[in-house]
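Trainee: Chain residues, written in single-letter form:
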Amino acid sequence: MEKIPILKMGPFLLVTIQVDLYDRLALSLEADLVQMVKKTAAKGVLIDISAVSIVDSFMGRIFGNIAGMCKILDAETVVVGMQPAVAITLIELGLPLTGVHTALDVEKGMKLLTSKVDIDIESDDDLDDDHNTI
Amino acid sequence: MTTWTMIITLSKDVMRIVADQDVVPFRNRVKECAVKIKMGLVNQTKLITAASELGRNMLKYASGGETLIEIVTRGRDNGVRLTFKDKGPGIADLSLAMKDGYSTGKSLGLGLPGAKRLVNEFDIKSEPGKGTTVVVIKWANG
Amino acid sequence: MEYNIPKLLQKKKKNIIELWITNQLSEAGLREDLISNEEIRQQSEELVDSFVSNLNQENIEDVNSGDFDGVIEILSGISITRARQGFSPRETGAFIFGLKEALLQLLQQEIKEDKETLYQATLQINRLLDSFSIVTFETFIKGREEVILRQTDEITEISTPVIRVWDGILALPIIGTLDSARTQVVMENLLQEIVETGSSIAILDISGVPAVDSLVAQHLIKTVSATRLMGAECIISGIRPEIAQTIVHLGIDLSNIITKATLASALKFSFQSLKLEVKKVQVVKAVV
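Protein chains in written order, with UniProt numbering: chain A, 1 to 134; chain B, 1 to 142; chain C, 1 to 288.
Hint data in this document are derived by calculation from the structure and do not stem from the laboratory.
All values reported here derive from a predicted model rather than from experimental measurement.
Any given hint could turn out to be false.
Each pair of labels, with its calculated beta carbon distance range [stated by the list, open to error]:
(1) B:95 with A:50: 38 to 46 Å
(2) B:10 with A:73: 50 to 58 Å
(3) A:18 with B:94: 35 to 43 Å
(4) C:127 with B:98: 53 to 61 Å
(5) A:73 with C:255: 25 to 33 Å
(6) A:115 with C:262: 27 to 35 Å
(7) A:50 with C:84: 40 to 48 Å
(8) C:84 with B:76: 14 to 22 Å
(9) C:251 with B:92: 28 to 36 Å
(10) A:105 with C:179: 31 to 39 Å
(11) A:18 with C:84: 46 to 54 Å
(12) C:64 with B:76: 20 to 28 Å
(13) B:98 with A:3: 36 to 44 Å
In this text, a Cβ means the ideal position worked out from N, Cα and C, and glycines have one as well.
With the hints as constraints, model all of the structure from the sequences given.
Mentor: This is the structure in C-alpha cells:
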C-alpha cells in the first residue's frame, strides 16, 4: 500500500499531499502522523495541501482529527496552501474546519508554527531548568 | 425548481462503487465530464466533492452500488448528471436525513445536505428495505 | 377577371417597395440618428424581394409554411439588430406594419372592381403579416434580453475589483446588492487574488451595499470563512449605523468577524497586525 511521506524538519513535521486521497490512505496518514509526533516529540505539524483539488467532509474530518490529536500531544497543526475552489466548496458544504490553523503557503505556515510554539519552547526550557535544579 | 423534462442526455457511463479505492477513479471520470463541457474550476470542485460525498454514503450505508455519469443538455446549458443507485437498507425518514448534522453513522452528518448545497438540482428517492437513488445535476454555469 | 395575388405582387414589387419606404420615411418617429435612408431602403428591398418571390397560391393561405423561413430569417436579423441599436418596440413595430400598409394599399389600387377578391386577398395578407409581426416582436425581445444579459455580466465583472492597497493587504469595495451569484464572483476573485499576491489580510468594504439582511450577512460570513480557510484574515469595513442597527435587530451574529466602521480604520488595524507603522515625517530645520 502506498504511503504519504512525513518529513522531519527540526521541531516540526512536514507532510505534502500530492495524490488524491482515498479513505484508507487518509486514515493511515492520520495514524502515522500521530505516531511520528509522539516518536519525534514534534512541536508542530505542517500539512501542505496545495496539490489537493478535492477536500470532502471525510478529508475535512481527518484534518480536524489530526489537529485535535496533535494538540493533545502538545503539537500545533497548520494546514497550508488550500486552493480557492476547495475553500469555497468546504464553506458551501458547511465545513469551516474550526480548530485547524491555516496559512497561505509553507513559508507563512512555518512562521505561524514558530510563533505558536516559541512560548512553549521557552516554558519547556524553564521546566528543564527546574529539573536541573532539583 | 426547474423541470426535468427537457433534459437530453449526450453521453452515458456506468461505474460501480463497491470498495474504497473505487471512489478516486469515479471522481476522475466525473472530472473528465465536467472539463469536457467547460465547467469552471469552482463548480467542478463542487461537483466532484458532492460526487465524493454521495459515493461514500453509498459505500458506507449500502456497501456500494452503481453510478451513472451523464453529460446532459437543456437548451443552452450543459451539465453533468450523476445517479447513485444502491440496494441498501434505504432511508426511513428522508427529511431527517437531509438535516445538517444528523447521522446514523459516526460522521459529521454533512453528506446529504452538504452535497445538495453543492449542486444545482438534487433528487432523492428511498424505500426502506429496497434501496436509495440519488440524482444530482450541476450545470456548467450554475 | 381572375386575379393571381402572388403574381400581382411580384409584378408590382417596385411599387410595394416605394410605397413602404414612403410610409417609413413619413413616419413621425423616424430615427435618422440610428439608421440611414440607404439602410432602410436596403433592408426593405431585401425583405420585400424575399417575400414576394417565395409567395404562391398555396402558401398564401398557410402562415406556417416553410417557404417563409427565408423571410423570417431576414426579419429576425433586422429585428435583433434594431433591438441592439436601441430602437423602441413601437418603432420596430411600425417598420413591419408599414409593409402591411403598403401591401394593402397596392391591393386596393389594383383590385378595384372585384370586392370579393379584394376582401379575400386583404384577409390573407393580414394573416401573413400579423404572423410576421409576432416573429418581429419575439426576436426584438430576445435581442433586448441578450443586451440585458450582457450588461449583467459586465456589471458583475466591473463591480468587484480587488485592489492591492498595501503589500500584503487587499481591499474589495462592494457596490450594490450582494446576492448569491455575486457572492460567488466576489469570493472567487478575492481568493484568487489572495493566492496570487500572497496577501494575508483582505478588507471587504460594504459602504456601497444598500442593505444587509440575514441572507447578505450569510454571504459575508461565507466569504470571511473561506478567506480564513485559505489562511488569510478578512475584515469587513464600511458598516453604516443603519446597517449596524438592522444587523442587531435581525439577531445576526457577527461576533466572530472583525468589523470596522471605515476602510481607514480597517487599514489601520491591518497595519497593526502586520506590525507596520505609518509615521509623519519629522522635518528638522537646519540651523542657520
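Trainee: Report the numbers of all earlier hints that the structure fails to satisfy, in ascending order.
Mentor: none
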